[in-house]
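Participant: First to last, the protein sequences are chains A and B. When we follow my numbering, the leftmost residue of the first sequence carries the number 1, and every step to the right adds one. When we follow my numbering, the leftmost residue of the second sequence carries the number 1001, and every step to the right adds one.
These aren't lab readings, by the way, just hints derived from the structure by calculation. Any given hint could turn out to be false.
As the list claims (entries may be wrong) - Straight-line C-alpha distance at most 27 Å; calculated DSS-like pairs for lysine-lysine:
hint: 1; chain 1: A; residue 1: 21; chain 2: B; residue 2: 1060
hint: 2; chain 1: A; residue 1: 115; chain 2: B; residue 2: 1265
hint: 3; chain 1: A; residue 1: 230; chain 2: A; residue 2: 49
hint: 4; chain 1: B; residue 1: 1265; chain 2: A; residue 2: 49
hint: 5; chain 1: A; residue 1: 115; chain 2: A; residue 2: 272
hint: 6; chain 1: A; residue 1: 230; chain 2: A; residue 2: 115
hint: 7; chain 1: B; residue 1: 1104; chain 2: A; residue 2: 164
hint: 8; chain 1: A; residue 1: 230; chain 2: B; residue 2: 1193
hint: 9; chain 1: B; residue 1: 1104; chain 2: B; residue 2: 1193
hint: 10; chain 1: B; residue 1: 1043; chain 2: B; residue 2: 1104
hint: 11; chain 1: B; residue 1: 1065; chain 2: B; residue 2: 1043
hint: 12; chain 1: B; residue 1: 1060; chain 2: A; residue 2: 23
hint: 13; chain 1: A; residue 1: 230; chain 2: A; residue 2: 217
Stated by the list, open to error - Listed next, the stretches of chain B that the computed footprint assigns to chain A, with coverage defined by at least 3 CB atoms under 8 Å from CB atoms of chain A:
hint: 14; segment: 1019–1032
hint: 15; segment: 1051–1064
hint: 16; segment: 1067–1080
hint: 17; segment: 1209–1218
Ideal placement from N, C-alpha and C gives every residue a C-beta, glycine not left out.
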Amino acid sequence: MEKAVRLDASGTGRASRLSEKTKDGLFLAAIISPALLLLLFTIGIPIVKSLYLSFYDVTLLRMKSLSWNGFANYRNLFADGDFGHSVAVTFRYVFTIVALQFVLGMALALILNGKIPMRRAIRTVVLIPWVIPTIIGALLWMWLFQPQYGIVNYVLQYLHLIDKPLNWLSDIHLALWAVTAAALWKQLPFMVTMLLAGMQGIPGDMYEAAMIDGANKRQQFWYVTLPMLKNTIQTVTLIACIENFKMFPLFWIMTSGGPVDATTTLSILSYKTAFIDLDLGKGAAIGAIWLVIMLLFSWIYNRLFSIGEGKGGGAH
Amino acid sequence: MNRSRRINGVVSALILAAFLLFLLFPLYWMLLTSFKDNSVLFKLPPEWWPSNPVTSHYEKLFADKVFLTYYRNSLLVSFCTTAVTLLASTFAGYGFSRFQFRFKSLAMMSILSTQMLPVVSLLIALYTMYNNYGLLNNRGGLVIALTTSCLPFSIWMIKVFFDGIPIDLEESAKIDGASRFGILLRIVLPLTKPGLFSIGIYSFILSWDDFLYSITLINQDALRSLNAGIAIRYIGELSYDWSSIMTVCVTSIVPISLLFLFFQKYMVSGLTAGAVKG
């Protein structure tokens, strides 16, 4: 309120006051409408339309004459079992990748927050994989995981950790891990950078006070660093969860959802249903349930983070 | 005490080295593979350092007209997306930062939560809409779709930047009789340069990374962008020609690497400002 009033108050005299206010309103409308219209056109309308399509029998080849088929799309989904399977795969993937990148990211951020030589340079180069396009990362890791000539199998065999080459991407039990490794490579830098930025925002006297009270390094981590990082952790892990729920290119390029659906996540399943099997209605139904899952998920997530505190602390 | 500290130091140096290896070695391997002749490529044990680097893969790639078309399309689409995102998000972010209006926080929340929506749901509806309006196979249509995937976080980032600029300057300019657009363009924007760099780089990276929108909304080879083109053309045909694939990869990260080299300072400050304060 305050800012707008101050801008208003600088108008000259009472007579122009009302017109100043209208001018402000018009100016505001003019500057925010382009963004809002764009968002409405490619996100607002499509999401409503997609919910609507999920109740119709509509395929890519026949988009003109829609016929209402009630909940048939949804019933089919639950009837053929693929859906439940892909929900399970998605959650397994999201949980693994976010947990891994959080724990490893925290470890690396703690190291980089300490006094180490060439700290600046290391912080910079560590960020590089983050800017590499996802599909380039996917191709690169396919080459690293290549069964006969890939470097991963070679090194593991050289170290006698495995005795014969593994088919990383075509083995039911390994494929999801291989994709997770590629995802970790690409996403770890972002996690580290965010956690590090959060750590640098913690005032140094907090640690001094803890040290005076006789806290050792480990105690400082548990009782100073972690609680102070809570908001950052909540934000970055939620971003990571959302990004990975949506992850499409890595799976599409590396495994196309195979072998035998072992890596078919919700985004792969809905894409295949809509654009390969050409069943837009059913694809939209998957999206609708997915949306409900996301809403529930982020609600529970935020609830979990607000346990043990009266009302969310700090800014936002 | 001293000894345990030294052991700690050694352990963390080892862990750091392992992390660096994990993050950087794949990139080195990509670069190295692109200079290996096919006869060297399939040798075991592999060559860790090229004994006889060849540039033939690059020569072949640059002779490929289709690849150059993809590349040009990608540059065009990414630059346009960046420009449109910059315009729309700067204006909107300024509005959100400087004015109070009803449903403001609800609007900001809804804009940010669009990030959560399943992309494929959006794509299904967007595909039918684009089909009706003739926007399929249209690079402009792709730019619009990509812009809106960049917008939510860009608006947020630039709003945070505007929040950090004191309003006094604008007030005194206003007393001097400057128009609102004049204030925004001549006084506020120059002060926001780091913020503009941040969102510009963010949107360029995001649109250069796009794969899903471009394989869905475009299916004519002449209009395809790089990622879609690579996936469709190079993976099927050359599935065993890893040197060529790595050459494509190296070439396609050049623009992003240049951006990174010159502007990484802004990348970090923008992202952390946006996400940590969020």
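Participant: Compare the structure with each hint and give your call.
Facilitator: Verification of the supplied hints:
Between the alpha carbons of residue 21 of chain A and residue 1060 of chain B the distance comes to roughly 64 Å, so the proposed pair goes past 27 Å and is violated. As the CA atoms of residue 115 of chain A and residue 1265 of chain B are separated by approximately 21 Å, the hinted pair is consistent with the 27 Å bound. Using a Cα cut-off of 27 Å, the hinted pair residue 230 of chain A and residue 49 of chain A is violated, with the two alpha carbons roughly 38 Å apart. With a CA separation close to 41 Å, the supplied pair residue 1265 of chain B and residue 49 of chain A exceeds the 27 Å bound.
As the CA atoms of residue 115 of chain A and residue 272 of chain A are separated by approximately 50 Å, the hinted pair breaks the 27 Å bound. The straight-line distance between the Cα atoms of residue 230 of chain A and residue 115 of chain A is roughly 23 Å, inside the 27 Å bound, and the hint therefore holds. Only pairs whose Cα atoms come within 27 Å are accepted, and residue 1104 of chain B paired with residue 164 of chain A is rejected, the gap being roughly 60 Å. Of the pairs offered as hints, the one joining residue 230 of chain A and residue 1193 of chain B is violated, with about 30 Å between alpha carbons and a cut-off of 27 Å exceeded.
Among the hinted pairs, residue 1104 of chain B with residue 1193 of chain B is consistent with the structure: their alpha-carbon atoms are about 25 Å apart, no more than 27 Å. Only pairs whose Cα atoms come within 27 Å are accepted, and residue 1043 of chain B paired with residue 1104 of chain B is rejected, the gap being roughly 62 Å. With a C-alpha separation of about 31 Å, the suggested pair residue 1065 of chain B and residue 1043 of chain B falls outside the 27 Å cut-off, and the hint is violated. Among the hinted pairs, residue 1060 of chain B with residue 23 of chain A is inconsistent with the structure: their alpha-carbon atoms are about 60 Å apart, more than 27 Å.
Under the criterion of a C-alpha separation no larger than 27 Å, the hint pairing residue 230 of chain A with residue 217 of chain A is consistent with the structure, at around 18 Å. Only residues whose C-beta sits within less than 8 Å of a C-beta in chain A count toward coverage, and the segment 1019–1032 of chain B has 9 of them, enough to reach three; the restraint holds. With 0 residues having a beta carbon nearer than 8 Å to a beta carbon of chain A, the segment 1051–1064 of chain B misses the requirement of three or more and the stated coverage is violated. Requiring three or more residues with a Cβ within less than 8 Å of a Cβ of chain A, the coverage given for the segment 1067–1080 of chain B is violated, as only 0 such residues are present.
Remark: the segment 1209–1218 of chain B is confirmed as covered by chain A, as 4 of its residues place a Cβ nearer than 8 Å to a Cβ of that chain, reaching the required three.
Hints 1, 3, 4, 5, 7, 8, 10, 11, 12, 15, 16 from the list above are not met by this structure, while the remaining hints are.
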